[in-house]
Amino acid sequence: MAKVQFIKSADVKPWLAELAQQHRVFAPAYDGEALIFRPFDPELEVVLDRAATMPPKKTVFPQSEMLVDFTYSKDPEDLSRVRIEARETLPEGKTLVFGSRPCDVRGFTMFDRVYLSEKMTDIYYQARRRNTLFISLACSTIENTCFCHWVGSDPCDHTGSDVLAIPVSGGYLLESVTVSGEKLLDSQLLADGASRKAEADKFCHEIAGLLGSTRDLSQAPEKLLAVFDNMEFWEEVSAKCLSCGACTYLCPSCYCFNITDETSGMKGKRLRSWDNCMSAQFTMEASGHNPRPTKAHRLKNRVGHKFSYYPAIHGGVTSCCGCGRCIKSCPAGIDIREIVLKAINFAPAAVEE
Amino acid sequence: MKYQQELKDSIRKALPDLDVVIAWSSGFDPLHATPHFIRRDEDIDRLEIGPLCVHNLATYLPGLRGKKVGIVVKGCDSRSVIELLQENLIKREDVTIFGFPCTGVVDQTKVRKALGNAGRVDFCQVASQTLVVGAGGTEHKLRLSKVLADKCFSCQYPNALLADHFVGEKISPSVAEEEGYDDLAAFENMPLDERFAFWQKEMDRCIRCYACRNACPMCVCRDHCLAESRDPHWLSQEDNVRDKWMFQLIHAYHLAGRCTECGECQRACPMDIPLLLLKKKMNKEIKELFQYEAGVDPAATPPLLSFKMEEENIKEREW
Chain A
6 MAKVQFIKSA
16 DVKPWLAELA
26 QQHRVFAPAY
36 DGEALIFRPF
46 DPELEVVLDR
56 AATMPPKKTV
66 FPQSEMLVDF
76 TYSKDPEDLS
86 RVRIEARETL
96 PEGKTLVFGS
106 RPCDVRGFTM
116 FDRVYLSEKM
126 TDIYYQARRR
136 NTLFISLACS
146 TIENTCFCHW
156 VGSDPCDHTG
166 SDVLAIPVSG
176 GYLLESVTVS
186 GEKLLDSQLL
196 ADGASRKAEA
206 DKFCHEIAGL
216 LGSTRDLSQA
226 PEKLLAVFDN
236 MEFWEEVSAK
246 CLSCGACTYL
256 CPSCYCFNIT
266 DETSGMKGKR
276 LRSWDNCMSA
286 QFTMEASGHN
296 PRPTKAHRLK
306 NRVGHKFSYY
316 PAIHGGVTSC
326 CGCGRCIKSC
336 PAGIDIREIV
346 LKAINFAPAA
356 VEE
Chain B
225 MKYQQELKDS
235 IRKALPDLDV
245 VIAWSSGFDP
255 LHATPHFIRR
265 DEDIDRLEIG
275 PLCVHNLATY
285 LPGLRGKKVG
295 IVVKGCDSRS
305 VIELLQENLI
315 KREDVTIFGF
325 PCTGVVDQTK
335 VRKALGNAGR
345 VDFCQVASQT
355 LVVGAGGTEH
365 KLRLSKVLAD
375 KCFSCQYPNA
385 LLADHFVGEK
395 ISPSVAEEEG
405 YDDLAAFENM
415 PLDERFAFWQ
425 KEMDRCIRCY
435 ACRNACPMCV
445 CRDHCLAESR
455 DPHWLSQEDN
465 VRDKWMFQLI
475 HAYHLAGRCT
485 ECGECQRACP
495 MDIPLLLLKK
505 KMNKEIKELF
515 QYEAGVDPAA
525 TPPLLSFKME
535 EENIKEREW
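Residue numbers (our numbering), protein chains in the order written: chain A, 6 to 358; chain B, 225 to 543.
What the hints contain is simulated information worked out from the structure, not anything from laboratory work. None of these values were measured; they are calculated from a predicted model. C-beta: ideal position from N, C-alpha, C; glycine also. Certain hints may be false.
As the list claims (entries may be wrong) - Cβ-to-Cβ under 8 Å is the rule here; a few derived chain B residues that face chain A:
(1) 258
(2) 333
(3) 341
(4) 344
(5) 345
(6) 358
(7) 361
(8) 426
(9) 427
(10) 463
(11) 492
(12) 496
Work out the full structure, taking the sequences as your base and the hints as a guide.
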């Protein structure tokens with residue numbers, strides 16, 4: 006049974022200050038004109054009325070992280086013999102993210118199928134994922150770019166969160182989703198929320214209604230494969246693509262990385278940093294051959310991966326959480342929904358005899 | 225927009241001789257335009273011009289080398305086309321330029337701020353210096369003077385400087401030439417350490433997506449950029465301000481006297497880093513030193529692409 010509490014809007018900051026004693030707390034705050042998840046600072050305004058520019062992806066999957074640090078040492082008796090001493094640098098400490106959106110957090114469930122699978126466990130990802138809690142906030146406005154309902158979610162989806170906060174008059178209803186989430190709801194600042202549950206349910210029902218009609222994407226995996234070799238199709242939909250990484254880096258479900266050894270003298274670090282499939286170098290092979298030589302090939306991969314190849318191996322789940330950041334932040338205004346629908350509705354021109 | 229039909233007619237006439245015409249159409253919502261590639265006659269109907277046409281389409285030209293390309297340009301965009309011609313990166317005979325008088329384009333960041341958390345946008349119209357936006361069931365009236373891009377307030381070239389087809393009446397610039405760089409003064413008057421602190425703070429949120437670089441019409445190294453070069457490995461992959469700033473500095477230096485101040489770097493940045501400020505500062509220095517402005521005269525040679533034994537304003541022997 007989920008624990009249901011209530012917090013007054015004015016108590017949010019004091020509660021975060023309390024939680025910050027045990028956790029590294031991140032909450033949405035402005036940095037210039039960008040709304041990002043910043044370390045909690047009582048001096049900063051916590052901005053909850055809109056989705057952040059950047060999802061809290063970095064908290065579990067940093068833009069760049071050290072995997073191993075290493076030192077070379079030479080044998081004084083035989084200088085040609087070099088020893089390498091490497092130390093794993095596993096992340097430590099507990100993190101708490103406040104004010105993430107249901108779509109943002111659902112993105113991590115796409116990561117989990119890849120990094121925490123039966124075949125393989127990514128211990129760095131696992132360490133951060135286990136030690137990061139999410140208090141998500143249900144959305145109170147719907148933007149033109151929102152399409153979480155197309156991909157099986159809704160503005161009050163608690164998937165992946167530990168606590169879900171739902172706006173109610175005067176504050177938020179806090180509903181625990183996990184056992185760890187329940188423990189977060191023990192503060193003196195919180196009151197029993199059971200009496201406000203009906204109001205929260207009504208809110209969720211109404212906001213979901215604002216999303217409008219959904220689209221059936223069940224045919225997307227197959228239809229995207231059907232246009233795989235149709236380069237004319239992909240050249241047309243990618244014509245305005247600038248090949249930058251805004252879509253992938255702002256995407257809550259894009260998880261690709263690159264690994265680089267950076268050495269200085271006898272010391273070095275093995276770094277894992279975000280990589281993006283829109284970049285020409287992403288598939289550049291050592292031979293110089295590039296299997297995805299044009300932006301049409303690359304955009305095809307991004308759309309195909311999310312709406313076809315990933316669902317094909319992960320039980321039909323689309324690797325897109327519908328947050329719409331790739332649309333909103335694309336400098337060329339590419340709309341991934343438009344591409345997927347175009348592929349679904351694509352009818353090959355009749356071949357004339 | 226007034227001259228839209230005239231522009232469509234003009235494109236319709238030229239299209240049979242062109243592979244593609246790049247223009248704008250309505251984007252993912254009524255408040256956003258998007259680059260529009262016109263290949264067939266029916267594509268022309270979706271063309272739109274107006275204050276939402278923020279993108280500098282000249283960015284696409286070097287990637288379409290060898291094709292016959294038509295391009296619709298604002299004044300600032302035309303400077304990028306000229307600069308590309310000056311640097312021999314595109315061929316004049318391959319490009320057909322359609323110009324119109326531009327009265328300024330919006331800064332979507334300013335629009336976003338003005339609208340607040342308005343919700344879904346249902347419509348957007350331009351009426352007498354006002355952007356009327358219907359969002360979340362409310363009609364918001366935004367004065368264009370409050371939401372136009374800063375670059376438009378110091379714009380010297382509202383009309384295409386080079387055009388094969390120009391629709392409409394040419395208009396005069398909104399500010400006098402000598403005021404073009406006045407907006408830099410506040411920044412220039414800050415002490416050096418404050419300026420450095422400013423950039424450290426701004427660059428901290430950079431996510432290294434390189435939208436700034438890829439949106440830049442003059443950034444032509446494309447797949448051979450120092451930012452991603454592995455051999456030599458110029459920039460660390462660490463998430464630190466030093467390397468992010470290093471890239472911006474090199475970008476700005478490579479753009480000095482080539483940058484046409486279209487502001488695409490800043491507009492494209494998803495993190496809203498004020499990158500145009502840096503580029504404008506470099507250009508101001510170039511203008512003072514060489515009395516040169518990029519992308520104004522197709523026959524001119526950019527000063528940093530030429531060599532003189534004695535520069536007029538650089539007194540190397542009089543230190």
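Hint validity - residue 496(B) Cβ closer than 8 Å to any chain A Cβ: Check passed: Cβ of residue 496(B) comes within 4 Å of chain A, closer than 8 Å.
Interface restraint verdict for residue 427(B) against chain A (beta-carbon cut-off 8 Å): violated, 10 Å
Restraint outcome when residue 344(B) is required to lie within 8 Å of chain A by C-beta distance: At 5 Å from the nearest chain A Cβ, residue 344(B) passes the 8 Å test, so the hint holds.
Residue hint residue 258(B), partner chain A, criterion CB-CB below 8 Å: This hint holds: residue 258(B) lies near chain A, its Cβ roughly 3 Å from the closest one there, short of 8 Å.
Proposed interface contact between residue 341(B) and chain A, which counts if any beta carbon pair is under 8 Å: Constraint on residue 341(B) satisfied, holds at 4 Å.
Interface hint compliance - residue 345(B) to chain A, C-beta minimum distance less than 8 Å: Residue 345(B) check passes; min Cβ-Cβ to chain A is 6 Å, inside 8 Å.
Chain A contact restraint for residue 333(B) - C-beta distance below 8 Å: Interface hint status for residue 333(B): holds (5 Å vs cutoff 8 Å).
Hint check: 8 Å Cβ-Cβ cutoff, residue 463(B) to chain A: holds, 4 Å
Supplied contact hint for residue 492(B), tested at 8 Å Cβ to chain A: OK, holds: residue 492(B) within 8 Å of chain A, min 3 Å.
Satisfaction of the residue 426(B) interface hint, Cβ to chain A closer than 8 Å: holds, 6 Å
Satisfaction of the residue 358(B) interface hint, Cβ to chain A closer than 8 Å: Result: violated, 12 Å to nearest chain A Cβ.
Proposed interface contact between residue 361(B) and chain A, which counts if any beta carbon pair is under 8 Å: Where the cut-off is 8 Å and the nearest Cβ of chain A is about 11 Å from residue 361(B), the hint is violated.
Hints 6, 7 and 9, counting from the list given before, are not met by this structure.
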